[in-house]
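Protein chains in written order, with the working numbering: chain Z, 804 to 1148; chain R, 312 to 659.
By construction, these hints were calculated from the structure, which means they are not laboratory data. In this text, a Cβ means the ideal position worked out from N, Cα and C, and glycines have one as well. Any given hint could turn out to be false.
Taking lysine to aspartate or glutamate pairs in the EDC-like style, the calculated list, with each CA pair at most 16 Å apart, reads [said to hold, decoys possible]:
| no. | chain 1 | residue 1 | chain 2 | residue 2 |
| --- | --- | --- | --- | --- |
| 1 | Z | Lys1045 | Z | Asp1026 |
| 2 | R | Lys466 | R | Glu545 |
| 3 | Z | Lys1084 | Z | Glu1112 |
| 4 | Z | Lys993 | Z | Asp936 |
| 5 | R | Lys536 | Z | Asp923 |
| 6 | R | Lys466 | Z | Glu895 |
| 7 | Z | Lys994 | Z | Asp935 |
| 8 | R | Lys536 | Z | Asp926 |
| 9 | R | Lys466 | Z | Asp898 |
Far from chain R, by Cβ distances over 12 Å, these chain Z residues were calculated [stated by the list, open to error]:
| no. | residue |
| --- | --- |
| 10 | Glu871 |
| 11 | Gly939 |
| 12 | Asp1018 |
| 13 | Leu1078 |
| 14 | Lys1103 |
| 15 | Thr1125 |
| 16 | Asp1137 |
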Amino acid sequence: MNKPVLKLKDLSIGYTKRRGPENTVLSGISLELFPGELVCLIGPNGAGKSTLLRSAAGLQTSLGGAVEFMGEDINQLNEKDRARKISVVLTERADAGMITVFSLVSLGRYPYTPFSGKLDQADVDIVHKALDDVGGADLAHRGVNTLSDGERQKIMIARALAQDTDVIILDEPTAFLDLPRRTEIIGLLKKLTRETGKSILLSTHDLHLALRNADKLWLIGRDRAIHSGAPEDLILNQDLEKAFIGKGIYFDRLHGSFVNAFEGKGRAGISGSGLHTVWVKRAMERAGFSVEHKEFTSFKDLSFYVLVESSEEEPFSCTFSTPEESSHFSSIWDLMFYIRNHYTI
Amino acid sequence: MENYRKSIYYFILLSLCIILLFFVSLSLGSVRIPFREVWGILLGKGSENTRRETIILLFRLPRILTALLAGSALSLAGLQMQTFFRNPLAGPSILGIGSGASLGVALVVLTASQGNISRFLDGLGLYGNIGITIAASIGSIAVLAVILLISRRVKSIVTILILGMLIGYGTNALVSIIIHFSVAERVHAYINWTFGSFGQTTWKQLRLFAPVLLAGIVLTQFGRKPMNAMLLGETYSQSMGLRVNRIRLFMLCTTGLLTGTVTAFCGPIAFLGVAIPHLCRSLFGTSDHKILLPGTALMGGIIAIAADLIAQLPGSDIVLPLNAVTALIGTPVIAIIIIRRRNLQETV
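Input sequences plus hints: build the corresponding full structure.
This is the structure in structure tokens:
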């Protein structure tokens, strides 16, 4: 656990054009990936995330510095040896045509099978294990082109697992997925690092998932410098917000998410307990009010006050009151519709 | 999908088809020769009718063997190109590879110094045959190399196809310039050659044609592991340890050799190369090259013999241009691919 499995040493990455100068995307990158770690690479669009991942995987020659796998320069390894150490899952939707999930996952055995490509029993077992690990055992005989995006991504991860490498690098594995599927895939990857001790490096745009799940973030900042640390480190030292902040959005340090700048419609109070109250408060904040959760005492500096009467198992019910009037609502939409019309939001 | 047992039945079926077609095409033609007589002639028992013996042994047999090998070769070239470029519409005739071969042939044939020739390749001798084979192969390899270079930058299937067509036009322009400076008889022979035919190869030429194509066909069968990896595209293949440059060279040489050799002896045969891999995928229901490589070879042979048989219009004295028949078989297949695949702009 104490030695990094992958080490980027003063790496410069980018492209060389046949004629003309080198086009350096990022330079001076020194990062370490430890066994069993889930690292998320984040950064604004066009910051060079894919280039960094490709260079780290040894699929693209770097312009300077070195990528070391357990102390060996990966550009010195031959293709087969490299393929036994690092596997990748790419952003591009690989349409493999008419082959079964099993066949696709078994392609991961490529660096191990003989010239004929024949799988021995051990290979077959590894492929089934990989499918099992991603929860795709029942997909084995399905055609790859009948899968949903989420299933397909799982299968591509299974293929990387079948390649049996210490490091798996994924370029935006959640790009085409809906939110629950994204959570599922990241959860799966995290579980794999815990259960197999493999190191997983992935790039993502999903800040929320990265902050919740990564052991470490590699953050490409505005200044093209790379900040590395626990998600919480980067929140507290403000590297994260500096990298992403823009007009009209601000970083909520308490919840660790970017939100639209506060609209300042006024102050309001709420009381009640349980989930119903939490979501009413959220709706009021969405409408631009600064909401205090406290027992009603007086209207002093409050525009209005909402008393949530129902608890989880009951139908929703609340009372809206101002010094002048009071009304009862049985859905949050009705309440918000009323507030919107009164405060011209 | 990869139902290997079912595939074995199909392989048996395809093999039976080849044997059946082999005898049917020996028997049918401008003159109908009964099966029993065909059998006797093949076994060397001869026939009372020496003219029939000549027809079978000197004309039909080499023609059918040529069709079998040429069909397999072109289809395998098409399969390799489709997998390699990840382009369902790639094929020797479509991306201008055949045109490259034609240019090579035109250079050798139209500029050769010998006088009268009646049959296209006659009079060129063995060295001449080797010469045009090499010239045609170099021509196709050159065009393939250009397409490979382009395809590394341009990912759109349609753009690659259009560029392939343009290369075809370019080489045809060069050919017409060469024609302009050539002797009339040779030009006539060249034009006839462009209609495509399996019937121009004599036994003497088969001695060169057959081993070269057989070697190419056998060689491509070894590509099944890397070809399967290429189904996922170049980057994935590279990440799984495939030496992409080596495979690229392998594909370049085998496809160029197969296309070049067939084109040299049979003329530019259109559409077989692109259509047959698709027919094969539909029949076996898989993209696995373990099945597709031998399957395509067999099916290519079958369709080529069948196309040749149709071109002979059995029972009549008329012979249709082979390319007309292969185009009638191939174009519907291509049309179906284009219609089925809504988004040709993206690579596969």
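The hints, checked one at a time:
1. The suggested pairing of Lys1045 of chain Z with Asp1026 of chain Z holds, with an alpha-carbon distance near 10 Å, which does not exceed 16 Å.
2. A C-alpha spacing of about 12 Å is found between Lys466 of chain R and Glu545 of chain R, which places the hinted pair at or below 16 Å, so the restraint holds.
3. Taking the CA atoms of Lys1084 of chain Z and Glu1112 of chain Z, the gap is near 13 Å; set against the 16 Å cutoff, the hint holds.
4. Only pairs whose Cα atoms come within 16 Å are accepted, and Lys993 of chain Z paired with Asp936 of chain Z is accepted, the gap being roughly 12 Å.
5. For the hint pairing Lys536 of chain R with Asp923 of chain Z, the CA-to-CA distance comes to about 15 Å; that is within 16 Å, so the pair holds.
6. Pair hint Lys466 of chain R plus Glu895 of chain Z holds up; C-alpha atoms about 12 Å apart against a cutoff of 16 Å.
7. The suggested pairing of Lys994 of chain Z with Asp935 of chain Z holds, with an alpha-carbon distance near 13 Å, which does not exceed 16 Å.
8. Distance restraint check for Lys536 of chain R and Asp926 of chain Z: the Cα-Cα separation of roughly 15 Å lies within the 16 Å cut-off, and the hinted pair is therefore satisfied.
9. With a CA separation close to 14 Å, the supplied pair Lys466 of chain R and Asp898 of chain Z stays within the 16 Å bound.
10. Distance to chain R confirms Glu871 of chain Z as a non-interface residue, since its nearest Cβ pair spans about 18 Å, more than 12 Å.
11. The Cβ of Gly939 of chain Z lies farther than 12 Å from every Cβ of chain R, with a closest approach of about 16 Å, so its non-interface assignment holds.
12. For Asp1018 of chain Z, the shortest C-beta to C-beta distance to chain R comes to about 24 Å, beyond the 12 Å cut-off, and the non-interface label holds.
13. The non-interface label for Leu1078 of chain Z is consistent with chain R: the shortest C-beta to C-beta separation is roughly 44 Å, beyond 12 Å.
14. The Cβ of Lys1103 of chain Z sits about 62 Å from the closest Cβ of chain R, beyond the 12 Å cut-off, so the non-interface label holds.
15. No beta-carbon of chain R is positioned within 12 Å of the beta-carbon of Thr1125 of chain Z; the least distance is around 57 Å.
16. Residue-level check passed: Asp1137 of chain Z sits 44 Å from the nearest beta carbon of chain R, beyond 12 Å.
The earlier numbered hints are all upheld by this structure, with none contradicted.
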